[in-house]
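Just so you know, the sequences run in chain order L and R. Everything in the first sequence is counted per our numbering, starting at 1 for the first residue and increasing by one. Everything in the second sequence is counted per our numbering, starting at 1 for the first residue and increasing by one.
Within a straight-line C-alpha distance of at most 25 Å, the following computed DSS-like cross-link-like pairs (lysine-lysine) qualify: (1) R:102 with R:18; (2) R:18 with R:140; (3) R:18 with L:55; (4) R:167 with R:140; (5) L:55 with R:102; (6) R:167 with R:18.
Partial list, derived from the structure: chain R residues whose beta carbon lies under 7 Å from chain L: (7) 59; (8) 65; (9) 69; (10) 73; (11) 77; (12) 81; (13) 106.
Taking CB as the label site, the calculated pair distances span: (14) L:29 with R:6: 49 to 57 Å; (15) L:62 with R:109: 14 to 22 Å; (16) L:29 with R:49: 34 to 42 Å; (17) L:92 with R:11: 43 to 51 Å.
Hint data in this document are derived by calculation from the structure and do not stem from the laboratory. Glycine included, C-beta positions come from ideal geometry on N, C-alpha and C.
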Amino acid sequence: MPDQPLQPFAPPTALFEKLNLSSIISPAAAVEWALYAVFAFWAIYTLVAIYHWLKYSHASWLAFPAMGVHIFISLCLMSYALSGNGLFLAPFLP
Amino acid sequence: MKEFELGPDEHVVLQARKHWFLFLTELLPYAIFAIVPFALPKLLALAPPFAPYAAFFDYTSITGRALLGVWLLVTWTSAWGAFTRYFLNAWVLTNQRIATIKQRTFFVREVSSLLLPRVQDVTTNVAGVIPSLLGIGDIKVQSAGAEVEFTMRGIPHPEQMRDVILKYVSAEPEKVTVV
Chain L
1 MPDQPLQPFA PPTALFEKLN LSSIISPAAA VEWALYAVFA FWAIYTLVAI YHWLKYSHAS
61 WLAFPAMGVH IFISLCLMSY ALSGNGLFLA PFLP
Chain R
1 MKEFELGPDE HVVLQARKHW FLFLTELLPY AIFAIVPFAL PKLLALAPPF APYAAFFDYT
61 SITGRALLGV WLLVTWTSAW GAFTRYFLNA WVLTNQRIAT IKQRTFFVRE VSSLLLPRVQ
121 DVTTNVAGVI PSLLGIGDIK VQSAGAEVEF TMRGIPHPEQ MRDVILKYVS AEPEKVTVV
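Could you build the full structure based on these sequences and the hints that come with them?
Here it is as structure tokens:
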């Protein structure tokens, strides 16, 4: 077992250049599209859950507050991911 | 409740869900996931060989912030999904039957009913220190037909639930027509 201390590996900043992807899509655009993909998945999951809430718990007083809180907090987190503005979550986020 | 139509003389006596403490234990992994991105850099900084890796957790950069936002979004959404499943799983006692609603996953839902006149035995089981302190336990309801057995797991105050079931089992049989 080597006795050398661990060295931090370099983040793959040149990955796009090595793979010659920079001519196809920029890293910033790739991050943006990855975020859109995550948000699309979130939207589908949320729609499915809301469908269940409305179909099976429509009579409960908790249904709409639960959906409202979920959407509000999710939008704050999305806003943070996209722009750094976490709205009311800002004091808790770096 | 839309899972079943109540009869003309039927009304809901009570609904029960899993005890809140058990729900909180289900949320614990999500809480740990949410804390990881904040705690990991601090923990890495404490261990000298790994200290340089703490610099990777830079949430002031656009990419770091986006990754943190996505991580928290996925964790939050998963926790909310767990709450949805917790809430949609319920036991409903009416004056004529017991209904169990099991939402195993989204789009996998099971609703069963047991008519009260068919109830033959109701057993409660509270085992362990925390369940005893918090009043968490199981109820097993057995019907006259040996093939039907309902078990409610981790419900609050099972003894009270049992007493209510037995009260309606003994009070209502003559009013119910078994099909």
